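Chemist: One letter stands for each residue in the lines below.
There are 2 protein chains.
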Amino acid sequence: MKQSQLFTKTRKDVSAEEVSKNAQLLTRAGFIHRELAGVYSYLPLGLRVIEKIKQIIREELNTAGCQEIVMSALQGKEIWEKTERWSDEIVDNWFKTTLKNKTELGLAFTHEEPIANIMKNFVQSYKDLPFFAYQFQTKFRNELRAKSGIMRGREFIMKDLYSFHTTKEAHEEFYDKMKEVYMNIFRRLGLGENTYLTMSSGVPFSKYSYEFQTISDAGEDVILYDEEKRIAINKDDFSDDIFEDFGLKKDELNFKEAPSIEIGDIYSLGTKYSEALDLTYADAEGKGHPVFMGSYGIGVPRVMGTIVEVHHDENGMIWPAAVAPFQVHLISLNQNEKAEQLYKELTKAGVEVLYDDRDTRAGGKFADSDLIGIPLRVVMSKKTLEQDAVEIKQRGIDACDMIPLLSVTRDMIMDRLGL
Amino acid sequence: MKQSQLFTKTRKDVSAEEVSKNAQLLTRAGFIHRELAGVYSYLPLGLRVIEKIKQIIREELNTAGCQEIVMSALQGKEIWEKTERWSDEIVDNWFKTTLKNKTELGLAFTHEEPIANIMKNFVQSYKDLPFFAYQFQTKFRNELRAKSGIMRGREFIMKDLYSFHTTKEAHEEFYDKMKEVYMNIFRRLGLGENTYLTMSSGVPFSKYSYEFQTISDAGEDVILYDEEKRIAINKDDFSDDIFEDFGLKKDELNFKEAPSIEIGDIYSLGTKYSEALDLTYADAEGKGHPVFMGSYGIGVPRVMGTIVEVHHDENGMIWPAAVAPFQVHLISLNQNEKAEQLYKELTKAGVEVLYDDRDTRAGGKFADSDLIGIPLRVVMSKKTLEQDAVEIKQRGIDACDMIPLLSVTRDMIMDRLGL
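Just so you know, the protein sequences line up as chains E and V, in that order.
To convert a position in the first sequence, counted from 1, into my numbering, add 28.
To convert a position in the second sequence, counted from 1, into my numbering, add 28.
Think of the hints as simulated: they come from the structure by calculation, not from any bench.
Possibly wrong hints are sitting among the right ones.
Put simply, identical chains are the same to the list, so a pair is met inside one copy or across any two.
List of simulated lysine-lysine pairs, PhoX-like, C-alpha gap at most 25 Å [what the hints assert, rightly or not]:
1. K300 with K175
2. K130 with K167
3. K235 with K110
4. K372 with K30
5. K421 with K277
6. K82 with K49
7. K175 with K105
8. K128 with K167
9. K376 with K30
10. K40 with K148
11. K155 with K30
12. K124 with K175
13. K315 with K235
14. K82 with K124
Keep in mind that this is a model prediction, so the values were computed, not measured.
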């Protein structure tokens with residue numbers, strides 16, 4: 029895309045209300061627009077990152093045999109009353125609204141109830157199980173405060189996956205597999221190094237659950253983590269019991285403490301929802317049993333915000349190649365004829381190029397490029413062209429080198445980006 | 029995908045509340061689930077159609093230079109008060125909700141106000157214009173009634189595009205271009221033959237607008253259309269004046285009357301929103317002017333429902349190849365070894381295959397296949413394999429033929445599908 033045609037522009041300042049680093053940088057770079065506290069619109073560069081994150085998650089889940097759907101935000105109260113989650117006294121983050129005929133509706137903050145209810149149409153016998161369905165869908169949560177930028181939103185896209193099995197054992201096999209799938213996802217998203225599978229107490233219906241916690245100063249949680257063994261415990265749940273329950277030996281672990289961001293969680297739901305909503309299957313003898321469920325969440329903007337918190341410097345963002353809005357930032361310093369040719373060639377070869385063809389000074393272009401944070405910067409100037417070359421630089425690394433124009437190919441670029 | 033793994037199943041009956049043909053067929057075939065009247069969840073087959081429709085629209089809009097974004101559903105009242113669209117007495121289909129601190133919020137039924145407000149950050153000079161931004165985003169509309177299945181929802185995905193120009197003339201050039209872009213989109217969606225560019229009065233801020241109306245018995249509108257000249261007039265707006273205003277000669281037109289579904293609309297907004305929200309640009313002399321806006325809508329489920337209304341028979345749906353959930357329905361009649369091999373080969377070659385590997389009787393498989401409506405059915409049975417062949421049949425056409433197994437290639441399939 030030509031930068032002269034991109035409608036967003038960078039800016040130096042953001043509103044004082046925006047206290048989080050992720051929202052500050054994303055706003056300054058023109059990725060997002062703040063509608064209300066905790067409510068953001070995603071502009072072209074921001075939406076490209078969101079879609080890349082979604083696509084990585086989608087690929088990993090599809091490979092694991094999960095099926096994509098999308099459920100509604102508007103919800104009637106009947107199914108939520110069955111699980112006692114309709115009352116505002118029990119669930120304190122509902123947004124509610126009303127139909128013309130005064131019927132009260134809720135805006136879903138999660139989807140265990142609706143998906144269990146849907147599946148009653150499709151589950152009769154043990155032969156119909158297992159299966160796994162997920163969605164990327166807008167969640168609404170009436171948070172009291174929203175100070176973490178896109179990391180804790182009142183409206184945000186969540187990936188929520190639900191699993192359906194005949195037995196606890198069958199569920200647990202899938203649950204264990206999802207730990208690996210999640211770690212693969214976070215590795216591909218550029219968060220693998222800083223992210224720990226974290227033991228946590230969780231929810232009323234299972235004694236423990238797992239979270240995926242990414243070490244960051246912006247985190248609202250604290251974990252105790254063993255860097256080598258790649259496991260962690262949420263500090264809130266740290267006790268002698270937890271070691272025993274998870275079969276860990278305290279003296280074999282070397283814990284450090286750090287603030288962290290919860291970027292995913294996976295829960296064993298047991299039969300809580302299937303019993304309440306009467307989601308049952310008949311076994312080979314025709315006897316009925318409630319379905320064993322699990323739920324597995326990733327907040328997409330939470331992940332995007334975490335990537336920014338983990339990967340930035342004083343000049344701006346440093347996107348991991350797999351989620352960058354573009355792969356190459358091609359900057360022309362008054363050499364638009366040759367640059368346009370390179371832009372067209374690379375685009376045709378399938379490289380995602382943001383081409384800065386604007387008639388502005390070099391300093392401004394470089395500052396914008398650092399702020400936006402595209403991983404590979406290619407500069408074409410009079411000086412480089414005298415040597416039939418371009419200057420190439422990786423965002424976040426000081427060194428840059430001159431390479432012959434002819435060697436700027438898709439393969440060379442993907443190689444440098446590790447893609 | 030293997031049909032044995034698809035969690036949805038077909039069914040014979042739907043709730044008596046579901047009076048529209050589109051919702052009846054889509055529900056029976058397992059494409060959608062009704063949450064509430066006018067509120068649907070999209071299951072794997074349904075979501076695949078939604079995504080294909082979106083992708084066709086996206087490709088045509090990107091080619092026309094439009095930039096994709098996504099705005100929030102939650103809206104504060106300030107910007108809507110500026111255009112006098114906050115009051116429930118003026119706009120009667122708001123869903124409203126409240127924050128913990130009692131601040132009233134709305135769930136956007138459209139996005140002229142928020143987008144004009146966002147663009148204030150990016151428009152200063154005439155050099156910043158024109159540009160065009162669109163989104164696929166969930167709209168909430170508090171409709172009094174919802175009896176048309178997925179064609180008139182209380183919650184639905186809409187493509188809304190907004191254009192920003194310096195002058196009326198520049199706007200009109202783009203507006204005219206969008207008429208063609210829209211017709212291209214509807215042609216690719218399999219609705220070209222039945223769809224007419226339709227003159228209509230429309231909105232308070234411009235005397236006329238254009239709608240795209242598809243002839244169908246399920247339509248809530250009525251148009252007068254000239255089949256040969258491919259133009260129509262909304263019957264509500266039929267008058268001698270309209271001929272004069274559009275420069276048409278009444279006696280040169282040969283009008284028929286038919287019920288129709290509005291599947292798209294394009295509006296000249298003038299400076300109504302930019303003036304109210306102070307979205308202005310400076311001309312070359314530094315003088316300020318309000319930006320000239322347009323808006324261009326397509327309801328994605330409305331289009332999907334219309335395709336079903338237009339393309340079905342007594343046995344089920346008949347998807348146009350470009351939007352079908354899968355391209356080929358491969359049916360194995362107890363020949364799963366050879367069928368699996370063909371399934372793998374075709375999938376590897378990039379053909380989208382739903383492979384019916386279920387252990388059920390042939391009659392049920394054929395009935396399901398007709399209901400689901402995948403355009404090309406390939407049957408492998410003992411009988412066909414005796415001739416090293418498969419039976420191939422196009423949905424909606426009675427004839428079928430035997431073709432050699434070796435000739436079932438991607439090219440042959442795409443050729444038959446016209447893709």
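Chemist: Looking back at the numbered hints, which does the structure fail to meet, lowest number first?
Modeler: Hints 1, 5, 13 and 14 not satisfied by this model.
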